[in-house]
Amino acid sequence: MPHRKSEITEQELNDLLSLIKQVYGYDFTGYSKASLLRRFQKVMDDAKMKTAYDLRFYLTNDRKHFDWFLQTVTVNVTEMFRDPGFYKAVREKVIQRLATYPIIKIWHAGCSTGEEVFSMAILLHEAGLLERTKIYATDINPANLEKAKKGIMPLQQMKDYTFNYQQSGGNRDFADYYTARYNGALIRKELRDNIVFAQHNLVTDGMFNEFQLICCRNVLIYFEKELQNRVISLFEESLSSLGYLALGIKESLLFTEVRNKFEPVDLKNKIFRKKQ
Amino acid sequence: MMPVTKHDIIVIGGSAGSIPVVSAILDGLSPSLNVPVIIVLHRQRNVNSEMTRIFQSKSRKIKVTEPEDKEPVLPGHIYLAPQNYHLLVEQEKCFSLDYSEQVHFSRPSIDVTFESIANVYGSKTLGILLSGANKDGTNGVEYILQHKGKVLVQDPATAEYPAMVRFAIEKCSEVIVYSPDELVQYIANVSTNNA
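In the order they appear, the protein sequences are chains A and C. Residue numbers for the first sequence follow the numbering used here, beginning at 1 and rising by one. Residue numbers for the second sequence follow the numbering used here, beginning at 1 and rising by one.
The hints are simulated quantities; they were obtained by calculation from the structure and are not laboratory data. Some hints here could point you the wrong way.
Residues from chain C that face chain A, not an exhaustive set, calculated with beta carbons under 10 Å [as the list claims (entries may be wrong)]: (1) Thr52; (2) Gln91; (3) Ser96; (4) Glu115.
Where a beta carbon is used, it is the ideal one built from N, C-alpha and C, also for glycine.
Okay, chain A solo, but in the shape it has when bound (with noise of 0.2 Å):
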């Protein structure tokens, strides 16, 4: 017996991704399509879909599923200060180059339910410089936004919190940057008190300002090169002279086209500068 319920071909997919583009706005085409099989393959099990055909209907004729669609097909994984080595490397070599500015404007894009947003404005505070900061942090996904919105994590996952923070060069007392309540971790409001989330998809949307630390993490490594390559200059774009961007640890700007517009910073941790 086969194990999965689901089946769709790749032809399948771009036709319902054509449908989507169509009807609901969202452009998927340009993203990396075995990642996209798995995601579809997701939807369709979880809602118990055998053929392709089912979730065409679906999508045409019921539009208040679309919502859970999105989250369903969306990756919206992430932690607080996800690989620590970054964070220590951005402790260690960017933020003190920030300081330098009277105002700092950081733009944190695809940053699902804003763990690793507020990570970074944990960093911004220990250096003193929070106050003068602006976080941008954006994502495609509305759920998510508004989950970060509210700052409030779940109770279990503090103790890897913990230990991430203190591998990245943290060490005060991390359980002061949060207020467990039943379930939930609330992050302190001071630390969320200058970060906007907003609405923004890459894929779509253009330049809104201009920043000194661009943060997109694991969010390309979902798109095929060309949309890479598109995403990558918006940032170029968005960035003031020797502007910093900082990508997953193993993404790379190696394989795109606009490489030449930086230098690297943190090769190892994907921390590249905008050549002046």
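Please build the complex by placing chain C on the supplied structure of chain A, with the hints as guidance.
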């Protein structure tokens, strides 16, 4: 036994107890290896890993690397799935990484990589499943077989943790069960005679 099928890719999945077998397989590879070899091992997350170095003994001429996103999948290269990501292959034969939910408590998951490779390489896929203590791998083995690829699994009697291969053998009667020595020999032959 000499392999008769031409394989375009070798993908190896292992968990607890599999590292010595992976090492032996790598030692047996011909320096003129002309297919990509992809290794997926269950590893700890968010801790520094020396795994690529463990596999990089001095005698081995072929370097083991962790691929970055969209890196091309090249013949004669040995790739190790990075910690904390699923490893996928696109139709245009480049890697994609994926940070979605764990599968069988694992990221990287063997199922995910096996299935993705079978989608691209079909009947030219050679999958190897080794020692391990969880259920990951079985669905991937089945998927490779559905796509007419070939799968060898380590004989459970020789595995430090036999559960993972036992699940696969129970579910898929077409797998070939080999001892570690037979695995090493078969893959050595593939790596020399696969022209």
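Hints and how they fare:
no.: 1; hint: Thr52; verdict: 13 Å, violated
no.: 2; hint: Gln91; verdict: 7 Å, holds
no.: 3; hint: Ser96; verdict: 4 Å, holds
no.: 4; hint: Glu115; verdict: 8 Å, holds
Of the hints listed earlier, the one the structure fails to meet is number 1.
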